[in-house]
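> Residue numbers (my numbering), protein chains in the order written: chain A, 1 to 178; chain B, 1001 to 1352.
Hints were generated in silico from the structure; no laboratory data involved.
Everything numeric in this text was worked out from a predicted model, so none of it was measured.
Backbone N, C-alpha and C fix where the C-beta goes; we use that ideal spot for every residue, glycine too.
A few of these clues could be false.
What the hints assert, rightly or not - Where chain B lies over chain A, by a calculated footprint (3+ residues, C-beta under 8 Å):
| no. | segment |
| --- | --- |
| 1 | 13 to 25 |
| 2 | 59 to 68 |
Said to hold, decoys possible - Just some of the chain B residues that point at chain A, by a computed CB distance under 8 Å:
| no. | residue |
| --- | --- |
| 3 | 1003 |
| 4 | 1005 |
| 5 | 1174 |
| 6 | 1175 |
| 7 | 1176 |
| 8 | 1177 |
| 9 | 1178 |
| 10 | 1254 |
| 11 | 1255 |
| 12 | 1318 |
| 13 | 1322 |
| 14 | 1330 |
| 15 | 1333 |
To be verified - As a list, the in silico DMTMM-like pairs of lysine to aspartate or glutamate whose alpha-carbon atoms are at most 20 Å apart:
| no. | chain 1 | residue 1 | chain 2 | residue 2 |
| --- | --- | --- | --- | --- |
| 16 | B | 1004 | A | 55 |
| 17 | B | 1284 | B | 1243 |
| 18 | A | 65 | A | 54 |
| 19 | B | 1221 | B | 1096 |
| 20 | A | 65 | B | 1096 |
| 21 | A | 31 | B | 1258 |
| 22 | B | 1204 | B | 1226 |
| 23 | B | 1004 | A | 27 |
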Amino acid sequence: MLSITCSGYGGQGVLTAGLLLANVSMEAGKKLTWVPSYGSEMRGGTASCHLRIDDHEILNPFYAKMDALIAMNEDSVDKYESSIVEGGVLIANSSMISGRGFRRDIRVIEVPATELSQELKNPRGANIIMLGAAIEATRLFPADEFADGIDAYFARKGRNNPLNRECFMRGVQAARHE
Amino acid sequence: MAMKLMKGNHALAEAAVRAGCRFFGGYPITPQTEILEYLSARLPEVGGTFLQAESELGGVNMVYGAAAAGCRAMTSSSGPGFSLLQEGISYIASAELPAVFVDVQRYGSGLGDIFQAQSDYFTATRCGGHGDYKLLVYAPASVQESVDLTVLAFDKADQYRNPALILSDASIAQMMEPVELPEMREVDFDRPWAARGRHGGENKRISSTMYYIENFDSYIKAKYDDMVAGEQRWEAVRVEDADVVLVAYGISSRICKEAVMQARERGIRLGLLRPISLWPFPVKGFAEVNPEVKAYLAVELSALPRLEEDVRLAAGQRVPVESFLGGMNIPESSALVERAASLISASGTFQR
Chain A
1 MLSITCSGYG
11 GQGVLTAGLL
21 LANVSMEAGK
31 KLTWVPSYGS
41 EMRGGTASCH
51 LRIDDHEILN
61 PFYAKMDALI
71 AMNEDSVDKY
81 ESSIVEGGVL
91 IANSSMISGR
101 GFRRDIRVIE
111 VPATELSQEL
121 KNPRGANIIM
131 LGAAIEATRL
141 FPADEFADGI
151 DAYFARKGRN
161 NPLNRECFMR
171 GVQAARHE
Chain B
1001 MAMKLMKGNH
1011 ALAEAAVRAG
1021 CRFFGGYPIT
1031 PQTEILEYLS
1041 ARLPEVGGTF
1051 LQAESELGGV
1061 NMVYGAAAAG
1071 CRAMTSSSGP
1081 GFSLLQEGIS
1091 YIASAELPAV
1101 FVDVQRYGSG
1111 LGDIFQAQSD
1121 YFTATRCGGH
1131 GDYKLLVYAP
1141 ASVQESVDLT
1151 VLAFDKADQY
1161 RNPALILSDA
1171 SIAQMMEPVE
1181 LPEMREVDFD
1191 RPWAARGRHG
1201 GENKRISSTM
1211 YYIENFDSYI
1221 KAKYDDMVAG
1231 EQRWEAVRVE
1241 DADVVLVAYG
1251 ISSRICKEAV
1261 MQARERGIRL
1271 GLLRPISLWP
1281 FPVKGFAEVN
1291 PEVKAYLAVE
1301 LSALPRLEED
1311 VRLAAGQRVP
1321 VESFLGGMNI
1331 PESSALVERA
1341 ASLISASGTF
1351 QR
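Chain A extracted, bound-state conformation (with noise of 0.2 Å):
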């Protein structure tokens, strides 16, 4: 079973990420529970998702510690990077978050996600490229097969965008390369 948190400011996409995570799975036959941050947020706050994915049944939904942590923003990491288990993996957004160390016992993955989504024309990429990492990173799926279900699950919803694919491509180079 895999838990993974996507965590950033409202506005980054981190609960699409979320969402596109859990459809490819759930088209991919796997069984898998999304569930939001929750309570008084704030508008411009940090809004976070965790999952969980398995091939069995879930039942636990809720976890104090992660596999994976995708942190688009600083206050992801200050808030979530210790619930990371012991070789667990930490997706960086470095254009947002720098000059900062991180734990030396988990695997640190940094990309310029931001930045990347703008030199892709997609700015609203970011959290797709992010994705990209960390499939790579966990394994969960092999690349080209998550990509192909990113791809249906926009057609599905009638706006399909290469650029995604794209996207999400550059992220798996960025874990490939690390």
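Given the structure of chain A, go ahead and fit chain B onto it with the hints provided.
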């Protein structure tokens, strides 16, 4: 059939529509507002009516009216709003009309807070309003069960002409899981008891049936006895040889199931009895439990014990019953395993 990824609230609302619900009157309150939001757009698509009431009191009485006309009708609320529904629910039950209610539980008395909880158990299962009635109460533990039990609630409400309640909570309501939705059903609302215009026929009786039925006391007692006999639902997990049996419903039961798996890996014989119907309480499920069971542990998200009371009644005097109270926090399954282990090691002192 294709799976769909849905939030508990949205899935419950869609299930109501597919079960033939064509009227919703209610008032928003976190954490169930998405049910209203969803139905406000969805019901008009299928020729139904959504009304945001001026208050919960307005909503429940609109449901009474719609139900009296034979329409499958529903309202939903949470904690404070659920309290406000009780008078109307009592009237609907006394008129023997079918309707479905939803309480997405949140924590605390008074205004409380919006976090998940299971503290409305007594209001739900005893009789939240005045007089002699009970609701059929169903407790979903997943998004899929939010769908399945909502459909069941409409059918059972019709079968017994008695209101039914879905007792959910904020965590099940807000989380997403893949679900399989049932086919859309059309229900004929022109039922023999429904007030749909006299058309030269007899008057339909849509007020308290105690005014019309002879030997009402025994009649109504027999009706609720039938529900107790026929409508108990539960899931039993590894109870046949269990030394300790956890009893939990809804979100708590999922943590308990995880605890059972963990305990079994350690050689601790832990089991789970999960009530799916909270009323009638699945007393019959206790017959499946190891006759040598050493203790029951009721696990719930409340500050004070609620479920424990029903477990005591079902377990009889012989077996000790304790509570694990999560309050506003979802317990760790490891804490449940530790508690079970200590109950087993202490069980020597319980023996007669």
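> So, for every hint listed, does it hold in this structure?
The hints, checked one at a time:
1. 13 to 25: Three-residue rule met by the segment 13 to 25 of chain A, so holds; n is 3.
2. 59 to 68: Holds: 5 residues of the segment 59 to 68 of chain A have a Cβ under 8 Å from chain B.
3. 1003: Holds - the Cβ of residue 1003 of chain B comes within 8 Å of chain A, reaching about 6 Å at its closest.
4. 1005: Where the cut-off is 8 Å and the nearest Cβ of chain A is about 5 Å from residue 1005 of chain B, the hint holds.
5. 1174: With a closest approach of 6 Å, the residue 1174 of chain B hint holds.
6. 1175: holds, 5 Å
7. 1176: holds, 4 Å
8. 1177: Holds: closest Cβ of chain A sits about 6 Å from residue 1177 of chain B, inside 8 Å.
9. 1178: At about 5 Å, which falls below the 8 Å cut-off, the nearest Cβ of chain A leaves the hint on residue 1178 of chain B intact, so it holds.
10. 1254: holds, 5 Å
11. 1255: Result: holds, 5 Å to nearest chain A Cβ.
12. 1318: violated, 30 Å
13. 1322: With Cβ-Cβ at 22 Å, over 8 Å, it is violated.
14. 1330: Since the shortest Cβ distance to chain A is 5 Å, the answer is holds.
15. 1333: OK, holds: residue 1333 of chain B within 8 Å of chain A, min 6 Å.
16. B/1004 - A/55: OK: residue 1004 of chain B and residue 55 of chain A at ~17 Å, within 20 Å.
17. B/1284 - B/1243: holds, 19 Å
18. A/65 - A/54: holds, 16 Å
19. B/1221 - B/1096: Satisfied, since the Cα-Cα distance of roughly 13 Å is no more than 20 Å.
20. A/65 - B/1096: Judged against 20 Å, a Cα distance of about 50 Å means the pair is violated.
21. A/31 - B/1258: Measuring from Cα to Cα gives roughly 15 Å; hence the hint holds.
22. B/1204 - B/1226: violated, 25 Å
23. B/1004 - A/27: holds, 9 Å
Hints 12, 13, 20, 22 from the list above are not met by this structure, while the remaining hints are.
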